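*Asks:* With the hints as extra help, turn the sequences into a complete structure.
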Amino acid sequence: MSWQVQDAKQRLSEVLREAENGPQVITRHGKEIAVVVGIDLYYELAGVRVDEGSNLLQAPTADAVDDAGAG
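Its first residue numbered 3, the sequence shown is counted upward by one per residue in the working numbering.
In case anyone wonders, no lab produced these hints; they're calculated from the structure.
Owing to the predicted nature of the structure, the values given are computational and were not obtained by experimental measurement.
Positions of the beta carbon are idealized from the N, C-alpha and C atoms, including for glycine.
Zero decoy hints are in this set.
Pair by pair, the computed Cβ-Cβ distance ranges are: (1) Q12 / D53: 36 to 46 Å; (2) G32 / V52: 32 to 42 Å; (3) D53 / K33: 35 to 45 Å; (4) D53 / V7: 31 to 41 Å; (5) H31 / M3: 15 to 25 Å; (6) N23 / V50: 18 to 28 Å; (7) D9 / D65: 30 to 40 Å.
*Replies:* Structure (structure tokens):
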């Protein structure tokens, strides 16, 4: 689904609810500028691992991401 910025701001709760079902595209002046995704999809895409026992997130640091892209 696609939302104009103004609509997304006014209906943020709905945007977030819909993001649990699939990516929500935010547009400004007809141009796609951002995507809101549910947390599960974010974790999958970001390669974040959730330790169920302690609920600690294990994700690469910004420095590690920068170093990996510098190759």
